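Spelled out from the first residue to the last, the chains are:
Number of protein chains: 2
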Amino acid sequence: MPDYQAPLRDLRFVMDEMLDYPAHYSRLPGGEEATPDVVSAILEEGARFAREVLLPLNQSGDREGCLLEGGEVKAPKGFKQAYAQYVEGGWPGLAAEAEHGGQGLPASLGMALNEMICATNLAWGMYPGLSHGAADALRHHGTEAQKATYLTKLVEGTWTGTMCLTEPHCGTDLGLIKTRAVPTDDGAFDITGTKIFISAGEHDLAENIVHLVLAKLPDAPAGSKGISLFVVPKFLPDGDGNPGERNGVTCGSLEHKMGIHGNATCVMNFDAARGYLVGAPHKGLACMFTMMNAARIGVGIQGLGLTEASFQNALAYARDRLQMRALAGAKAPEKPADPIIVHPDVRRMLLTQKAFAEGGRMLVLYTAQMIDLVEHGVDAAEKERAETLLGLLTPVVKAFLTEVGFEATNEGVQVFGGHGFIQEWGMEQLVRDARITRLYEGTTGIQALDLLGRKVLMSQGETLKVFTKEIHQFCRAEEGNAELAEFVRPLAKLNQEWGELTMGVGMKAMADREEVGAASVDYLMYSGYVTLAYLFARAARQARAALAEGGDEAAFYRAKLDTARFYYQRLLPRTRAHKLSIEAGAESLMAISAEDFGLGFEN
Amino acid sequence: MPDYQAPLRDLRFVMDEMLDYPAHYSRLPGGEEATPDVVSAILEEGARFAREVLLPLNQSGDREGCLLEGGEVKAPKGFKQAYAQYVEGGWPGLAAEAEHGGQGLPASLGMALNEMICATNLAWGMYPGLSHGAADALRHHGTEAQKATYLTKLVEGTWTGTMCLTEPHCGTDLGLIKTRAVPTDDGAFDITGTKIFISAGEHDLAENIVHLVLAKLPDAPAGSKGISLFVVPKFLPDGDGNPGERNGVTCGSLEHKMGIHGNATCVMNFDAARGYLVGAPHKGLACMFTMMNAARIGVGIQGLGLTEASFQNALAYARDRLQMRALAGAKAPEKPADPIIVHPDVRRMLLTQKAFAEGGRMLVLYTAQMIDLVEHGVDAAEKERAETLLGLLTPVVKAFLTEVGFEATNEGVQVFGGHGFIQEWGMEQLVRDARITRLYEGTTGIQALDLLGRKVLMSQGETLKVFTKEIHQFCRAEEGNAELAEFVRPLAKLNQEWGELTMGVGMKAMADREEVGAASVDYLMYSGYVTLAYLFARAARQARAALAEGGDEAAFYRAKLDTARFYYQRLLPRTRAHKLSIEAGAESLMAISAEDFGLGFEN
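Chains P and S are the protein sequences, given in the same order. Just so you know, full-length UniProt numbering puts 245 at position 245 of the first sequence, and the rest follows in order with no gaps. Just so you know, full-length UniProt numbering puts 597 at position 597 of the second sequence, and the rest follows in order with no gaps.
Treat the hints with care, as some may be off.
Treat identical chains as interchangeable: a pair holds within one or across any two.
As the list claims (entries may be wrong) - Cut-off 30 Å, straight-line C-alpha distance, at most; resulting in silico cross-link-like pairs (DSSO-like, lysine-lysine):
(1) Lys216 with Lys455
(2) Lys383 with Lys455
(3) Lys508 with Lys493
(4) Lys216 with Lys493
(5) Lys508 with Lys178
(6) Lys469 with Lys74
(7) Lys178 with Lys77
Think of the hints as simulated: they come from the structure by calculation, not from any bench. None of these values were measured; they are calculated from a predicted model.
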């Protein structure tokens, strides 16, 4: 069975040393509670919960799957008990505001913990995971009564939440939804329609489920401007706020999926289910984005968690498995063969995983600081800047970390050779679980359009400049530092190129809008690689400083430098391919007609 | 359910137009039977068998899997009947020699058909698929009696074959095998040991199973020089050559796998099973490579087949699924949204699949001609040249086509969005099935070492030169052709660079052998991209010529040119990343110690 240890030392490096979280927290209102000692204690406790409670249920949950019987969904064995422990431990409300029953700790801390949950049991993690988005939507757009009724229960964890967006004929294009909301005499609404792909739509972990549902009012304008958001509980709360009458929302069936078998992905039928409007009529899309942005970051963290999990187990296997001798001569002559970690190509795979795990962690925790500032920052200018950076980086976190997460989990399988394909080892499950992360909450293609079209080009590149300026300042500050030249010089060049490349696409897009779509995914990947290059350069600076100071952790800092160097030498060259692909433009994509695509096989 | 139509038009383009198979066949002894009409008829009949018999069993076979009960393995419903039809139709012996009961048609024709089998039902295809390797080994190394007893049955298809190489503690490193062969009084051997990952090791499709088993004789030298090959039948043939007494070889268990569920992947226990030596004692590894090389090409074809299958279904979905409007304005204003094939990024994914399918097909059929020549060529120099090219390209066919096949099947899932993750659509099965192709018959890393270490560097680059010279001559011949300049110019540059890059690695490897392993996988991928570039340039020349001639298939040839252009503009730039990665060398891979790899999470 796969093992997992939370990367506490690396978390400490990124949070305490590189991004100065202690200072960051001390400046946040309420953040003063998050002292280094408290943070450490929480991370250690979370690590224990993930390893001891969630990890043992990961493979069994995958094998067992969920069961729909008589309208009720049973999660795999042990999931319900683990969730009870989770609620008992106060985890659901960790980063929620005190006024709603939460502990008021910063969101970023919840994100650090979330990596551990995703690494040990993604399918389980999605039961509480969707509650955050639902809570966010209610916190920002709900009435006081809705907050009192639903938000407190979500924070407490006794109820869980869902996001009901997709319908059979529409996912990306929510303007097409058909679910209807008809006003009732008492100010509520009857919701009728079918939603698909609803994660944790029905299950036995919590006493009630709070669905946040997109639907159209009778007088709705056509398209995406006519969508409203509703809260639709599984059980209608009674006078005391406890689950009362069963509402008209039921699970029609469970999807059969490639992975995350332990999570119930439901077709949900709304049959005149009673719902309550959240936010203004026809403004549901904006409310939905509140949920969605948090969810997108959450999915990026899933990519990160799975990468780390795969890395750790591939590393253990590579140290243990004896096969062939090192090309340069036996390394373990006393054994029948050398451990495969001596082979350069095995190391390439392990280092790819390691670099994406550590790079992803830096990206998540860098972005997490922006979330803290957006939510609780006191300085208006700082808050605005954080909001800009968060908007820019959200699609990168989501899509880049899931794309490389899929690659990394596949490298994990590859290190195991044929054994990687066998279920018992657990490595192929990580690939199957990772596969969904490139799809849900907006595919990589959709994230790429969001990044290049909405965030970068719509702001005439201003949004990007906020970030490239920060990178530029870093490079300027370190340009005389010979020890960092191997990182800072290529970074400075890339950073400038990023701006030029953006300008190039922008110019072409003025003549032909299709150029945006043609460049988008390569642009997103390019952006991800440059962003990680920036963060690895900062990590290298930190490591160099720590090495200069001395101390007994020199090996840790040298390994950090080695990883940064591997990233620069072996992964960053991929930007060359993406750059050329972007510059090639739309023509070769658009030339062939839809009919002619099939001429090789259609008669 | 996924659909499939064999790409007969594209096959005709590659075989008849581009590679002049009619002339190739007419020069082969026995090949004169393979007239264009006969070839067409066989391909059409094969297409029908694949589509009508195999395809309907693909999803059900995946869901059902195999069952081990009382030592007997039951393949999924319908597999046995389909196999009976296959034998009935004379397919197993299509490319086998007449003296062993085959039809004596060229091997290349079997490979063209094999693409269709792999595209429609990979798991089923592996029951007859392994027989080819076993038959090859017996044909080349077996005694006349062994051929009469076993080879004829394999050619007939009433018996199937296996390759029993891997053991729990060794796959790549066969020198470590523990299976023992003890001589018996009558000149046979008692084989004892455990083999794992044995595809089609036990099943109910055929009346007997012929295991080809690697084992060590009592006096065997240590390591890979002490391995011998044995034929071990499930049932010992009686006096009439029919299955007689049950031999001591049994299926201990079935592996639980990520994919190819319909194929029985067995743990095989040999308990003093009676076996017969094939070839000379201690020379089993050489015999094994006879099986293995054919099997490796076969796995490359699996990557190709899955790519084509995924492409066809993604194309159908992209034409059908309505979602969002084209960025440049509605293309289907009469519908609620445009079909997603209007979006440039969806086209990028489809064209990636199309280019890898068509490029892979060219590579397989180009290599297939070399196989024909090696087996039946009459001109000694031509034969030697074919052998060299085949040796060079075998690891490229195996590893490159499976790496890009995995990418392509994943693009297929991505085109489907969330639906791609749902089993009913069949797209995720193609990914799971494709995943094994990067692993078995030697992982990508092993193929890469074979290419760079054994084939290229061990020959001081001479092997590579045979191929780059052919490319050079093509480029020279076309350098004045302005219509082809978009292909020929970059190809000529790349071809030269390939040689230089090889020289660079070779120089470094003289100082440090680890440089070979450090460069190998990037070198293999680089080589694959350049090889496909050469073939696409030839395809473009052919298409240009056909367009100049006129005729009513202009759309087909224009689409071919469009695909070649897409390949050059959007996929070939990946060579830039691989080149830089190769040049970065071994240092960043070898710096970190095995212990320090884990410092971020180990305490």
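Now for the hints, and whether the structure bears them out:
no.	hint	result
1	Lys216 with Lys455	within (28 Å within a copy, 65 Å between copies)
2	Lys383 with Lys455	within (17 Å within a copy, 60 Å between copies)
3	Lys508 with Lys493	both (23 Å within a copy, 28 Å between copies)
4	Lys216 with Lys493	neither (49 Å within a copy, 59 Å between copies)
5	Lys508 with Lys178	neither (37 Å within a copy, 64 Å between copies)
6	Lys469 with Lys74	neither (51 Å within a copy, 65 Å between copies)
7	Lys178 with Lys77	neither (36 Å within a copy, 40 Å between copies)
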